[in-house]
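S.K.: Below are the chains, spelled out letter by letter.
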Amino acid sequence: MKLKSALLGAVATLAFAPAAFAERGTDGNVKVLYSQAVSIMNAYLSNGTKDVEVGSLVLEPLAGFDNEGTVFPRLADGLPSVENGGIAEDYTSITWKLKAGLLWSDGSPVTADDVVFTAEYCMHPEGGCAQAARYEGVSSVEKIDDLTVKVSFSTPKYNPFTAFVGATSPILQKAQFANCLGAAAPTCTEANFKPIGTGPFMVTDFKVNDTVELAANPNYRDPAKPAFATLSVKGGGDAASAARAVMETGEFDYACNTQINPELQAQMKPGCKGHSVSGFGTLVERIEMNMTDPSADLAEGERSTAKHPHPILSDMRVRKALSMAIDRALLVEIGYGEAGRPTCNLVPAPIIYASDNTDCLTQDIEGAKALLEEAGWTVGADGIREKDGKKLKMLYQTSVNPVRQDFQAVIKGWWNEIGVDVELKSIDAGVYFGGDPGSPDTFQKFYADVEMYANNFDGTDPEPYVAQYTCEKAPKPESQWQGENINRFCDPAYDALVAELLQTRETEKRAELIKKMNDMLTKDTYTIVPLVDRGRLSAHSNTLGGVVLNVWDSELWNASDWYRMK
Amino acid sequence: MTDVAMEKPRSQWADVWAQFKTHKGALLGLVVFGLLIAFVFIGPLIWTKDPTYINPNAAEMIKGRNKPPSLVSPLGTDQLGRDMLARMMKGGQVSIAVGLVAMSISIFLGTLIGVMAGYFKRLDGPLMRMTDLFLALPLLPLLLVMVLLFRDPLSAAFGPEGGTFLLIVTAIGVTSWMQAARVVRGEVLALKEREFVLAARSIGTPSRRMILRHILPNVVSPIMVAATLGIASAIITESALSFLGLGFPPDFPTWGRLLFDGAEYIQQYPQRVIWPGVAISLTVLSVNYIGDGLRDALDPRIRGR
Amino acid sequence: MLTYTIRRLLLAIPTLLFISLVIFLLVDLAPGSPASQIPLTVPPDVRMKILESMGANDPVHVRYLLWLKQFFVVEPLVWIDGVFGTTHAEGMQRILSWQSRSPVFDIIAERMPQTLTVVGSSYVLGVLIALPIGIYSAYRQYSWFDQLGTFISMVGFSVPTFFTGLVLILVFAVNLQWFPSIYDTSLRVTDWASFVAQVKQMIMPVMVLALYNAAQISRYMRSSMLENLGQDYVRTARAKGLGEQVVVLKHVLRNSMIPVVTVIALGIPTIFGGAIITEQVFRVNGLGALLINAIHGSDLPMVQTLTFIFAVLIVIFNLVADILYGILDPRIRYD
Amino acid sequence: MFDSAPRPPLVQVRDLKMYFPIYSGLFRRHSGDVKAVDGISFDILQGETLGLVGESGCGKSTVGRALLRLYEPTAGSVVIGGTDIASLDSENLRKARPQMQMVFQDPQASLNPRMSLADIIGEPLDEHTDWDAQKKLARIYELMDAVGLNRKFANRYPHEFSGGQRQRIGIARALALKPKFIVCDEPIAALDVSIQAQVVNLLEDLQDELGLTYLFISHDLSMVRHIADRVAVMYLGRIAELSPRDALYARPLHPYAEALLSAVPEPDPSLARRKERIILKGDVPSPANPPKGCNFCTRCPRVMEICRQVKPELAEVEPGRLVACHLYSTSPDAGSTGATEAKERNQQGVSP
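Chains as they are written, first to last, in the working numbering: chain F, 1 to 566; chain W, 1 to 305; chain H, 1 to 335; chain R, 1 to 352.
There could be a bad hint or two in this list.
For lysine to any residue, the following SDA-like pairs were computed, each having C-alpha atoms within a straight-line distance of at most 25 Å [to be verified]:
1. F:K207 - H:M92
2. W:K24 - H:Y136
3. H:K49 - F:Q482
4. F:K425 - W:A157
5. R:K95 - R:T83
6. F:K269 - W:K63
7. W:K21 - R:K95
Below, a sample of chain W positions facing chain H; criterion: calculated Cβ distance under 10 Å [to be verified]:
8. L144
9. M178
10. G262
Read the hints as simulated data drawn from the structure, not as lab findings.
Even for Gly, the Cβ is constructed at its ideal location relative to N, Cα and C.
The shape of chain F in the complex, shown without the other chains:
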């Protein structure tokens, strides 16, 4: 099954390749714009997607994901599978074969040593490798011969396509990075800025957090590609002006992740210089319900911990009513336009893992009111519901972001309508997502009743994602408030499902489990209230051909196929 989809993916990729292909470097310069600027080209030390994506123009993994999320070989000579013996029967190892004759951009051959070195580089305990999760469970990486590498896992790994797969775990050249292991990793500035790679381009000039100039790699494996002789990446600014630079002024050919408001999307539509492309991945904007009591009256250290259940939100009916009052379609309309769609799922994709849960999509104000009545919350004199002398009041926090503030305002309106008093709070993203245990405003500490943010998972396998909601992963003072189970959801049945998932091999069965867990978190308990499945919206000029938006891997995954339309 895997092989089949991989092949289909490869065919699909080929289908996009334009016929009128001339030869390498004939189409001049292509200009790419990122609203966040690139800080480093080495994905292993990177802080963000933009670095990984631009880095993917130079550094490549053994295999990548295509626009459908299927794995396809890049440096590997075919995909390993159980059928072809590449993956061990018990899923404890995977053997990769490199394509023959691959060269680094400096002309030296790519060998198994480089692959082994890459693993060593990222798994070094002092290196602070940002992609260490991709190498989790890897017990050893051995060279079999010059072109063959065997990756062994300590326990059976049913999704062995983590290490060396995807833009987040590319292969580094051993010769260049040999002295950059462990603590020395960040000191190799030259290597981190201008890595020698196998990708279609190589760095000629790197300006931190500003511009990257690249030129076609003379040793790229396809002699006809890339069509462009040079590629420049510029960073900084905001999404709206990025979109404008492509669609209206035509200064740039491609702008990544131009999340702009729908009004502006509509306004720029008629722009004759470019158009937008969108694709949907797994990023879901959601409201998290705090299952614990964030009251400031509690002692520091007990606030928002499992010791004190939330006095209001512990009642499922309240959570459900809050969800019912929301009109997700309208949120999409005002916030994301074609770059969003309403969802009720935590795992909205890939298709096999997505639950068919759609009952939240219709707003039901009356139903919500009835549910609150049923829960014993009656409308008081001031229009705010109360129960036992306690007001139904929510502190609703999120990070600073115009769309999120609009969402806050609109949702506050709906919640006011059903008799819920809402106080809004917006926090600087650096503080909110910073995880500083000293700050009361981090999303992990969750000193609020409900909070909103977006999250997704890396690649196509949601297993680590759904496994976040076990009891023990709740942020708490003892763990310096680190932990991924933000709403402190705790259900032994769920923990059991997680354990079962880790033992399950068959894709269909895994999918079933994941859907079940998704439903447990969403429609069964309303612990997580998904709002919008956020896609990627990028813009490219009308003269840039070969663009295929990919949300599963680097957005620039097929830059080697880009060409200038004549």
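Add chains W, H and R to chain F, keeping to what the hints say.
M.R.: Okay, now just chains W, H and R, sitting in the frame of chain F:
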């Protein structure tokens, strides 16, 4: 001694007002500023729409978004269908209050420190080094730290809105006094050498009254400039603070925030930026003219002309 | 004057050390964390590892002393090595940015040119516009020229740069397509065409900033001129039969320049501080953008180093302002 | 003068020194002093006008300001009306201020441009009395009458007046607290000649009326001759000669006084013909580095060897005439005693 001879000298303030009245710009500024105050503080009593009201009916809301000015909403509506007129009024209350109070704090601190440094030689070094320190401090982390340390105690003491207001005006005030202090100090250094200061000393005027009577009135002109410029930057800084999540709750309108929000829609709905932009500019302009008139009126050399 | 200058510079050392400590503690106390830049998909244990590898978890005094050593010992040595080809700094740890893992000073050196060209020229332009406007407005107080100048400068000051920048982009880049909306930092001026390109891309950001600067300085100039025009010596000078030009340009201007020079000199460090918003709007990516990025990412070494350099400049230009003061105002003596 | 009944001295100045320290080098070490006033002693009798003359830069104004403690004197005592002004603490000094006042050189600069005439004249009253507004106003008008200012001007500001009027304001301000002693620091230097006489006459009238004591600092020798009872001639921080006016103008004893007075235009043409102007050669030495011995030895036309070695003391050489010059040292051992600064506290300046 006749009665005429014993006539009391006219009050100086009467003179000041008489001169102020002859300054057309200043009078106009006073009128405009008065109208703005009336607009934001009395306006909401007449135009009683809730500035944060969003129609909960999705279909209605969609229809009511981004409306051009009409009878229902004279200034139009924003991207969520909120009434712009009501938002402008509510926002103006905060912006004008923040602008005036933060500017006063900053001018007070700047003048105090500038006069102290210029007048007392011993304080000059330490105070000017402190000014350097404040000029060098990165504003954003400073504000973040202030918010971290003081938001909760202030909110507890003065309520969430009062606490935030105090926090914001103090934050803006204590981070913007440096230029005024430098300018005032320079003026004081020069003034101190003037003979009338020596004369006052020979009379036995103590330092405090020396400063109040002889130094301050003579540095009023640069202070006025700093004050007018200070109002504009306070209003804008407030919007930046709110925008960074350091200020008022996100659904709380202020002119600066309205301008910031509207900038995104400038192409489609230019009125969204015009209203707050005009309001801020009018405030600053009117205050500037009032300041101009006041400076002239306070200067007897001009008054005599 | 020379010994005064040297003495002030020596006195600046403890001051600056103190400032550096305050900045360090302040940035450290601020509730951000470099971890905010790491995507949420990265699990907590990996995050901790990353922070550890940056040294972000060391105690604050260790980090401060390390920074002091790096700033005052390692970086100068690296500079000496660069100039003389020696190898004194071999194996020494330079100040590394947490965001990009590269030496902070290299990044600053990279950013300096565009900041100086854009922000610097806008400042010079602003001053050049402001002085004559301020002088003439004061000289012809309440004339239509003065009223117009006041109006424009107040609007220039009260409308934030993000707004003026946006308007300029919409008019000149989108509608008229005269100038590019995005500043190309890799552009090298080699010939006439590239020079024209450089000027074109500078026009909008420089205009925005110059308007803002000019607004402020012209107000100070005007007020200072007004103050002096009312003085008796002006009447005396006129009574002496001096030409109007001599009176205004020589007597009044010289005295009026005293406070204005302070304002101008003290504004110079802000050139190096960059223009955060304007740089963002036009993607100039100068020092301002660098600083704000570093602050948002809680990149402590970068924030600390940039702010400290900024502090050094402020102290130096304070001194410059004081010296100018002494030159312009003979009543003030420093020796 | 000397025939009249002996009056007690109102002001007794003893060995007053006013050094302005010079700091140099990087660490601002105290490397020397500008000896603006270098140990002077004199008395001013009740109701008398002492003229203080000398070239500009000789320390005249410094003496005036140090006397009123507008500067902190380096050493010495200034006893005015029985209290030592030089050593009072700030509160007592403030209380002592009303008895001594000053009229400044530049009537424009010494008036705060932002205060009205009434406020300026009333300021001393505000500071030192707790009178009500009515009483203050009455006093202000009284003062304005006294100095010849029209009462209608009370609301006006300094820039609206002429130089002479402004100086009248300055005088009125100085008189407000009924002082006994007024230092007139070149009060007429900045005025037109026609106005000068008016102001000087006003000062004289006020003296007669109110029994004031003046220290009249001026470089204008003719004006000093007109107003002063006794005259002290200062050179480089020290008093060269202190003599009754007529005696001094008729026959100056000190070579410097002689040279200085030779420049005064002689109203009597017969005398003027006889008179020869003495032109001094060379420049005034720097007060930071005065010559050893007599201050004047570098320029004195009658310089002797001893002058370069020993500082001459101010000594009474004729009744009522004090001169600091070796030409007049009667005592054979004057050199040795004069050389030591041991006899600092000389009482020679005291007139019987």
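S.K.: Compare the structure with each hint and give your call.
M.R.: Now the hints, each set against the structure:
no.	hint	in the structure
1	F:K207 - H:M92	23 Å, holds
2	W:K24 - H:Y136	20 Å, holds
3	H:K49 - F:Q482	13 Å, holds
4	F:K425 - W:A157	19 Å, holds
5	R:K95 - R:T83	11 Å, holds
6	F:K269 - W:K63	21 Å, holds
7	W:K21 - R:K95	43 Å, violated
8	L144	4 Å, holds
9	M178	8 Å, holds
10	G262	9 Å, holds
When the structure is compared with the earlier hints, a violation turns up for hint 7 alone.
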